[in-house]
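Starting from the structure of chain A, add chain B where the hints point.
Here is how the chains run, residue by residue.
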Amino acid sequence: MAPWRLTIARIRNDRWTMGSLIVVATVIVLSFAGGPIASRILGHNGYDQLPYAANITQKPVGPLSVVPALNYSAGMLASGELAPPPKGTPKTLLVFGADGPVGRDEFIRVLDGGKTSLEIAIGGALIALLIGLPLGAVGGYVGGISDAIVSRITDTIMAFPLMLFLVFASVQLDAHIRGIGISWWLPDGVVAEALLIGVFTSFYPTRLIRAQLFQLREAEFVEAAEMVGASRWRTLRSHLLPHLVPTILVWAAVAVATNILLEIGLSFIGAGVQVSTATWGSLLSTTWGTLFQPQTYNSQQFTPWQTIFPTVAVLVSVVSLNQLSEGLRQALDPFTRR
Amino acid sequence: MSDTLRFLVRRVVAGLLTVLAMVTVTFVIFWATPTQPARFVYPSVQTLTAWHIQHGDHILRIDRPKTDQYLDYVTHLFRWDFGDSWARGFALPGESAGSKGFPITEQLDAQLRVTLSLLLGGAAVVLLLSVPLGAFAGSRVGTISDRTVSLVALIGVCSHPMVLSILVRSLFHGRLHWTPPGGYCPLSNGRPGCDGPADWATHLALPWLTFALLFLALYVRMIRVSVAETLPQDFVRTARAKGASNLRVMARHVLPNAGLRVLTMIGMEIGTALGVCIYVEAAFGLPGLASRAVFAMSGSTNLDLPVIMALVFVISTIVVVGNFAVDTLYAVLDPRLALGGRPRTGKSAAGGVI
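If you read the protein sequences in the order shown, they are chains A and B. For what it's worth, the working numbering labels the leading residue of the first sequence as 1, then goes sequentially. For what it's worth, the working numbering labels the leading residue of the second sequence as 339, then goes sequentially.
Quick caveat, the hints were computed from the structure, so don't treat them as lab data. Accuracy of the hints is not assured; some may be wrong.
Simulated pairs of lysine to any residue, SDA-like, Cα-Cα distance not exceeding 20 Å [what the hints assert, rightly or not]:
no.	chain 1	residue 1	chain 2	residue 2
1	A	LYS59	B	GLY512
2	B	LYS404	B	HIS414
3	B	LYS404	B	TRP369
4	A	LYS91	A	GLY62
5	A	LYS59	B	TRP369
6	B	LYS404	B	ASP422
This one's a predicted model, so the numbers in the text were calculated from it and none came from an experiment.
In isolation and in its complexed conformation, chain A is listed as follows:
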């Protein structure tokens, strides 16, 4: 049986891996298509502010509440509360309740946040791979002095606390890179954050690929290819690269999960995308404050849905991505028997 057939057959036979694959696919589809579809059905998007759902005097409404679909208030009463909306105002449903003091739809923001978070996470992993693949290939296949240089660079970066580098770099980052974006599809700051995460985590794929090539370099098929006169580039491209695919896939699933958590961390430090852009990190950090000013628990103002839904979204994605990576590792290894 061809190796790919075998892998697919193994994944289909493994309940946990198949389940996590389905969950990951669902999360991706929901994040990218869920927001626009939900906006169309419910009649408001993730940026619409609904004063009747939450305002300065009123705590945000909870999940499954129906509020007047007005994005302006009908004036204040003397008591400080909002005047009732005009008769015949259409109502709208907030599935996960409202967020913060401005009353946006938490449901659509969690979906949109998933899109932004995944863009950052997947983008970061791709950039790390773009940097790591050539560096790792140089280190592992060419060897010699170039390998020594690559190894020293990765060693030094690895010994340094990554988060500190990220904080420092994101503060110093040029405003032009921050401004890259395409409206809703790619909010401002996503490219910058993916770039930061990608560059500073690229040492990991570099080391993996280098280690893998180190072993493969000695294999008979490489020797055979070199013997029949294949150039180094050709050997690398058509003989060695296919062998790296399993390693890269297994790494990528974990890297996306890790990047999701990194994005949350950057949001909490205040070094992420703009606060108004929904990401899973910004949803959590608007509720709980940044690292510099953590909010304290207050039973009167406690709005658990603002914590629960993003947290559950993160947990489900990260757990299933990790599980998927583990399953892929077993399925792609030709030597595992089950």
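Here is chain B on its own, set in the frame of chain A:
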């Protein structure tokens, strides 16, 4: 010279070189970033003239050649002296601030104590929880209770440290009022109500718990696998045949086999743990190194470079010293490893959080 000793000497030299490389890199990076040191000397002057900048640089002693400053800095580091901060005391409008900065070493020592309390205590709690849980799950592989333990432990590792800290704090302090709100109590400072080991421990209980939850999954899983692999072996059967109790078999014959793996994990996770400290310290209001480093670095206008360099130095030193301690323990526990290097294991999912 024995092999073990030679190995240790090699590790010490490598560690020193790593720290030196780190200091050099940070020195270069930070001098390459645009700052206005003179702002610290003249905090109340609206626009700095060339004279202000020149005079300010002179007061801060940074108008000397960079190589002189570098050598000066490195020689002072060996005496655990980080010099003075650029930030000065209070100044009246129009006046220049005092000519002395704050000595960094004192503050740093206090912060180091906080972070080490958190790290070491947290590690102890992780081990106290993961050894029984791992042994429990490992002796019943495949059952419902095994799956439950693994799943619950996994939730900790897959959530973010900041979120977990806040949730733990809201539950145990906000709702149940079991513990103090946070903050740090030194082992001895003479202040009533915040002094001595009891206050120290109660104030750190929640941070330790958070820390433990974050790292539990890795260790539980590792001990579980090790126990499951060891239980069917012949020497375990022999021990049982001699009449040893279940507890004795587990503690004396099975669990020691997991020791090296756990040690490897601890060595690899020191850097990660410091990254986690950033969030745990911030959420519980602990004045520790990691969160101070982030605070010091995230200022966009004026970076207090001496303070940042000192923090970076101490943090990378903790990683290097921790790794060295683990390697030494290795060489003591299993001298064969001193020759071949330590066994490799995968990195955790939390690895990227730092």
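The hints, checked one at a time:
no. : hint                  : in the structure
1   : LYS59(A) - GLY512(B)  : holds (19 Å)
2   : LYS404(B) - HIS414(B) : holds (15 Å)
3   : LYS404(B) - TRP369(B) : holds (9 Å)
4   : LYS91(A) - GLY62(A)   : holds (15 Å)
5   : LYS59(A) - TRP369(B)  : violated (48 Å)
6   : LYS404(B) - ASP422(B) : holds (17 Å)
The structure shown violates just one earlier hint, number 5.
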